[in-house]
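Using the hints provided, position chains U and D relative to the given structure of chain W.
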Amino acid sequence: MQEIKKDYKPLIVAFCCNWCSYAGADLAGSSRLSYPAEVKIIRVPCSCRVNPTFILKAFQRGADGVIICGCHPGDCHYTSGNYFARRRMSLLFSMLDYLGIERERTRVEWVSAAEGAKFSAVMNDFAKTVTELGENKRLEDLRCKN
Amino acid sequence: MQRIGVFVCWCGSNIASTVDVKKVAEVLKAEPGVVISENYQYMCSENGQALIRNAIKEHSLTGIVVCSCSPRMHEATFRRTAESAGLNPYMVEIANIREQCSWIHKDMEEATEKAIILGRSAIAKLKLNAPLTSGESAVVKRALVIGGGIAGIQSALDIAEAGFEVDIVETSPTIGGNMAKLDKTFPTLDCAACILTPKMVDCAQNEKIDILTYSEVESVKGFVGNFKVQIRKKARFVDEKKCTGCGECMQKCPSKKGLNDFNMGLNTRPAIYIPFAQAIPNVAVIDPEQCLKLKNGKCGLCAMKCNVNAIDYTQKDEIIEREYGAIVVATGYKPISLENFNEYGYSQYKDVVTSLELERLMNAAGPSEGHLVRPSDHKEPKVITFIQCVGSRDTSGCGKPYCSKICCMYTAKHAMLIREKYPDTEVHVFYIDVRTPGKNYDEFFRRAVEQYGVDYVKGMVGKVYEENGKLMVQGADLINNEQVVIPSDLVVLAAAIEPSPTVRKIATMVTASIDTNNFLTEAHAKLRPVESPTAGIFLSGVCQGPKDIPETVSQASACAAKVIGLLAKDKLKCNASVAHSDETLCSGCSVCANVCPYGAITYVDKEFRLGGGKTELRRVASVNPAVCQGCGACTVTCPSGAMDLKGFTTGQIMAEVDAICKR
Amino acid sequence: MQKLNELALEKAKTLLANGTVARVLGWKKGELGYDLEPAVFYSESDLEGFIYNAFSGANLSKYLIEESKKEGKVLVFLKPCDSYSFNQLVKEHRIVKENVYTVGIECQGKLDVKKLKEKGIEIVDGVIENVDDVTVISLGKEYNFVKEEVLLGKCSVCEKHLLSYDEVISLHDKRTPKLDRFEIVKKLEAMTADERYAFWKGELSKCIRCNACRNVCPACNCLKCVFDNDASGIASKANSDSFEEKLFHIIRAFHVAGRCTDCGECSRVCPQAIPLHLLNRKFISDINRLYGEFQAGEDDVTKGPLTAYTTGDAEPSEVFGGNK
Numbered sequence: 000m001q002e003i004k005k006d007y008k009p010l011i012v013a014f015c016c017n018w019c020s021y022a023g024a025d026l027a028g029s030s031r032l033s034y035p036a037e038v039k040i041i042r043v044p045c046s047c048r049v050n051p052t053f054i055l056k057a058f059q060r061g062a063d064g065v066i067i068c069g070c071h072p073g074d075c076h077y078t079s080g081n082y083f084a085r086r087r088m089s090l091l092f093s094m095l096d097y098l099g100i101e102r103e104r105t106r107v108e109w110v111s112a113a114e115g116a117k118f119s120a121v122m123n124d125f126a127k128t129v130t131e132l133g134e135n136k137r138l139e140d141l142r143c144k145n
Numbered sequence: 000m001q002r003i004g005v006f007v008c009w010c011g012s013n014i015a016s017t018v019d020v021k022k023v024a025e026v027l028k029a030e031p032g033v034v035i036s037e038n039y040q041y042m043c044s045e046n047g048q049a050l051i052r053n054a055i056k057e058h059s060l061t062g063i064v065v066c067s068c069s070p071r072m073h074e075a076t077f078r079r080t081a082e083s084a085g086l087n088p089y090m091v092e093i094a095n096i097r098e099q100c101s102w103i104h105k106d107m108e109e110a111t112e113k114a115i116i117l118g119r120s121a122i123a124k125l126k127l128n129a130p131l132t133s134g135e136s137a138v139v140k141r142a143l144v145i146g147g148g149i150a151g152i153q154s155a156l157d158i159a160e161a162g163f164e165v166d167i168v169e170t171s172p173t174i175g176g177n178m179a180k181l182d183k184t185f186p187t188l189d190c191a192a193c194i195l196t197p198k199m200v201d202c203a204q205n206e207k208i209d210i211l212t213y214s215e216v217e218s219v220k221g222f223v224g225n226f227k228v229q230i231r232k233k234a235r236f237v238d239e240k241k242c243t244g245c246g247e248c249m250q251k252c253p254s255k256k257g258l259n260d261f262n263m264g265l266n267t268r269p270a271i272y273i274p275f276a277q278a279i280p281n282v283a284v285i286d287p288e289q290c291l292k293l294k295n296g297k298c299g300l301c302a303m304k305c306n307v308n309a310i311d312y313t314q315k316d317e318i319i320e321r322e323y324g325a326i327v328v329a330t331g332y333k334p335i336s337l338e339n340f341n342e343y344g345y346s347q348y349k350d351v352v353t354s355l356e357l358e359r360l361m362n363a364a365g366p367s368e369g370h371l372v373r374p375s376d377h378k379e380p381k382v383i384t385f386i387q388c389v390g391s392r393d394t395s396g397c398g399k400p401y402c403s404k405i406c407c408m409y410t411a412k413h414a415m416l417i418r419e420k421y422p423d424t425e426v427h428v429f430y431i432d433v434r435t436p437g438k439n440y441d442e443f444f445r446r447a448v449e450q451y452g453v454d455y456v457k458g459m460v461g462k463v464y465e466e467n468g469k470l471m472v473q474g475a476d477l478i479n480n481e482q483v484v485i486p487s488d489l490v491v492l493a494a495a496i497e498p499s500p501t502v503r504k505i506a507t508m509v510t511a512s513i514d515t516n517n518f519l520t521e522a523h524a525k526l527r528p529v530e531s532p533t534a535g536i537f538l539s540g541v542c543q544g545p546k547d548i549p550e551t552v553s554q555a556s557a558c559a560a561k562v563i564g565l566l567a568k569d570k571l572k573c574n575a576s577v578a579h580s581d582e583t584l585c586s587g588c589s590v591c592a593n594v595c596p597y598g599a600i601t602y603v604d605k606e607f608r609l610g611g612g613k614t615e616l617r618r619v620a621s622v623n624p625a626v627c628q629g630c631g632a633c634t635v636t637c638p639s640g641a642m643d644l645k646g647f648t649t650g651q652i653m654a655e656v657d658a659i660c661k662r
Numbered sequence: 000m001q002k003l004n005e006l007a008l009e010k011a012k013t014l015l016a017n018g019t020v021a022r023v024l025g026w027k028k029g030e031l032g033y034d035l036e037p038a039v040f041y042s043e044s045d046l047e048g049f050i051y052n053a054f055s056g057a058n059l060s061k062y063l064i065e066e067s068k069k070e071g072k073v074l075v076f077l078k079p080c081d082s083y084s085f086n087q088l089v090k091e092h093r094i095v096k097e098n099v100y101t102v103g104i105e106c107q108g109k110l111d112v113k114k115l116k117e118k119g120i121e122i123v124d125g126v127i128e129n130v131d132d133v134t135v136i137s138l139g140k141e142y143n144f145v146k147e148e149v150l151l152g153k154c155s156v157c158e159k160h161l162l163s164y165d166e167v168i169s170l171h172d173k174r175t176p177k178l179d180r181f182e183i184v185k186k187l188e189a190m191t192a193d194e195r196y197a198f199w200k201g202e203l204s205k206c207i208r209c210n211a212c213r214n215v216c217p218a219c220n221c222l223k224c225v226f227d228n229d230a231s232g233i234a235s236k237a238n239s240d241s242f243e244e245k246l247f248h249i250i251r252a253f254h255v256a257g258r259c260t261d262c263g264e265c266s267r268v269c270p271q272a273i274p275l276h277l278l279n280r281k282f283i284s285d286i287n288r289l290y291g292e293f294q295a296g297e298d299d300v301t302k303g304p305l306t307a308y309t310t311g312d313a314e315p316s317e318v319f320g321g322n323k
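The listed protein sequences derive, respectively, from chains W, U and D. Numbering that gives the first Met the number 0 applies: residue 0 is where the first sequence begins, and numbers increase by one. Numbering that gives the first Met the number 0 applies: residue 0 is where the second sequence begins, and numbers increase by one. Numbering that gives the first Met the number 0 applies: residue 0 is where the third sequence begins, and numbers increase by one.
Please note: incorrect hints may appear among the correct ones.
In the SDA-like style, the derived pairs of lysine to any residue whose C-alpha atoms are separated by at most 20 Å in a straight line are [claimed, not checked]:
1) U:227 with U:533
2) U:240 with U:302
3) U:183 with U:432
4) U:605 with U:646
5) U:105 with W:116
6) U:613 with D:69
7) D:200 with W:60
8) U:126 with D:228
9) D:68 with U:602
10) U:220 with W:78
11) D:302 with U:589
12) U:661 with W:130
Not the full set, but computed from the structure, chain W residues with beta-carbon under 7 Å of chain U [claimed, not checked]:
13) 40
14) 78
15) 112
Since the hints were derived computationally from the structure, they do not count as laboratory data. Keep in mind the model is a prediction, meaning the values are calculated, not measured. Idealized CB from N, CA, C, for every residue including glycine.
If we strip away everything but chain W, and leave its shape as in the complex, we get:
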């Protein structure tokens, strides 16, 4: 693991589904439950809208951690979206791990609209984990010849 700069702040992209997790993030906000400002949320209609290319793009552009949040399995607003997302993300994360990318840089969490506290806790924990890992160099470097 690389040495962590003292004032290092990671860049974290969180994809949140509109119906559960984005609402959970709103609830965290209205309950004033803080989490690091490094976390930036992108609203998607459903976790199944998250294309692996979004995640790879985020990493390649310098994100240090990417988290996908959706409704709990069984609670998807569109009934099955998060089940597809779960398979896709499972395979993608396993592939990134296979390529030697730190597996802690990616995460999927199911956060309901009622779980503002969970949302905040998850983001705090994820930010802490990614901060400990330090800057993401591996995905940025994994390339063909320019």
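Positioned in the frame of chain W, the structure of chains U and D alone reads:
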């Protein structure tokens, strides 16, 4: 060339106290494409909206970014604002700098920096927005009400009154719900049956209302205006059309030891029964667990006795499929189980009862025909002690954190009724606080204390134990600062109420949000209290939160008004954010249809020009915009990127990622 | 095995002559004996160039996307692995099945030219092929090899059998592979993340983005590849550190996940000898482990594992195989 306007809201001090709104506006003004950037105290106010409207016209804006509260709050507002100024409503993006910024960060510099990034991200997305128009879908002019308590009954009656057809689906064999079990109602003390049963009869007689009792919702598909619902009509082993409710069968049934649910298990009923005299429908039902004929084939007395041949031991569950435009959830409540409250001796002593059991004990149609006696020895109790907040306002984890809201008033009612009818009975009430807001409520409570001499003791009860044939209630009297022990004949527990256990399953089926206490969530806690965030799903009664009868009825009517508003429309505007296939890229591989939960994708053979006068017939995906709900599952499964989602295009999301990740 | 060539040629001539098919999709002789390439033959005289031998490794099914659209039927020879790709393409509605006459043809594994070159063989004059060994004649000398020494990587682990065909040409039972298909995947999984990273960085850095893998892959059959589509947001050629350059192979592997039949063409054609099939095989191995055994192309109807789900699927946090 794009001409973008940025509007930064202060939200009073909600945003402005943590985010330097002027700086955000100033920095975002320098973004390419931005021609105007303003800040204002309340963008959502009329003045704020006027500011936006004027700017759109004056600067010929092609799109706007509003940095404000969550889009879940005011996206619709600002879209209307844009539309009224002649801009396509989908040329609006919201940067959430309140819930996801000012409210969770304390450091002004940090929060301001984040707000700027969120603003940039919204601008980046907006640059790729395209004007969208909504399609339309027809509305099925029929409503489904799940639950036949007073909430469901009131909603159904109001909807039917407006001329629309309504089905009530109720799990138990009769409608009426908890209210049918009550004796008198506060604050007027009129009898519950006298005001409820006429409404039940109205339901039965209204030709617009179809009552499906002993039935459960099995599955819900579709969307607002077009739900397809499967209902399981459980076998009642009695032909509803033939049964006259004469009750002859009940007399003759030899298996009489079933617990009478209607009387809270305080007495027994036969295997074939009608829950209570005024049941709607007034039709018998056989409990298959208890019926000798159904269990081991030996008996058949009821069938022999029935003059109209209504008994049918071979009846099977039946699945009915119906279509609805709107669904009302009115699943109600039940008192919590008291297994976590052994200190009150509920499971140990017969004479420790819940308030709902007391209702039956005092009810003229109850097990003791209205004569208040102790369950153990059927003697009149001389000292009765009430314990309030049993499991309500409980943060220990044993009960519920919320106030059940109805207990203070019904306890005062019970105390008053007992003192009225049995003046020589001593009545004590242990309470934490007495909460009696409501019209004529506090006056009612004061009457119990002042006029009827009910002894209110402020304090919690530690335990209830038996000594010399008395139930000793040991508690604290906080006002006199002493421990008290009250030897009592009957102890009544005001058990907390919780949402019906079926509600979670139903919420999942209709994809409605639910909170940690299993109450359904409103679309807006204050402004849209009778709607679920899921379009077409409405909330009636206690399924949304604890409430008493007047409040339940008001909400049920409000809910009906919303349903009527929906059903009155012939067409609904569809979601404009739907999937769309780029036919020049689509290779017709058909994986997208595999993941579409709505069956919105079909394939057609289309002719394409190849140049040089040649054409080619090619299979391509086609999305039905009235059916597509815009989840985006297809967009990711499509390998060629032909499928995209309007409003959340791959390019837009990529642009957001880019903007956020730019260091 | 020489007999197979004769039978195939005979079949092609007959079907062309009696009008059953209008053309034949097969392999054409090259200059050096091993440099065969896919070709379409329209007449008996055309067929003089036809050959089926130990170097007929190329998967012909992808060519059917265009060939099956044309007027008249096309005869195609499908090796076992090709028949899976064929099914998959039929499932994806990319081949007009009615326009294809399929002849399944025996295959006991094809030779890897790179491996022969490593053994000093530059020109091939003839091949005598048996089920488990092979003799290569080069400039008058005979070289005898055990199959595993010179087979294409994809062939040495091939467990596939002929699936769908109108007719079949086969003289021997198919040899059973002696190696485990997932052996190297498992080896990589057992490495530390650092080692894996070093391995892949080394391999993927060799890429020259010639697109040969994509062009040959039967699963890469989009009308227009996302990497060639500026509007897709992932193609941006002008940018030197562009996204496309870096993550091309990961995205390509993901796009074909659940659809890749493991035909191994990507690695066969890679001029830089990058073991690209190990990316696809990782997905296949994960799919088998997490969602049950699945072989893409085994039939032309079953839903792929990424377009299906069960409510009890593993959570992404618990799917990692192997070492951390």
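Going through the hints against the structure:
1. U:227 with U:533: The given pair, whose Cα atoms are some 15 Å apart, holds under the 20 Å limit.
2. U:240 with U:302: At roughly 15 Å apart (the allowed maximum being 20 Å), residue 302 of chain U and residue 240 of chain U satisfy the hint.
3. U:183 with U:432: Cα-Cα ~23 Å, so violated.
4. U:605 with U:646: Measuring from Cα to Cα gives roughly 26 Å; hence the hint is violated.
5. U:105 with W:116: 18 Å, holds
6. U:613 with D:69: 13 Å, holds
7. D:200 with W:60: 18 Å, holds
8. U:126 with D:228: 19 Å, holds
9. D:68 with U:602: 18 Å, holds
10. U:220 with W:78: It holds: about 9 Å lies between the C-alpha atoms, which stays within 20 Å.
11. D:302 with U:589: Distance of about 10 Å is within 20 Å: holds.
12. U:661 with W:130: Distance ~18 Å between residue 661 of chain U and residue 130 of chain W Cα, so the pair holds.
13. 40: With a minimum Cβ separation of about 6 Å from chain U (threshold 7 Å), the hint on residue 40 of chain W holds.
14. 78: 5 Å, holds
15. 112: 5 Å, holds
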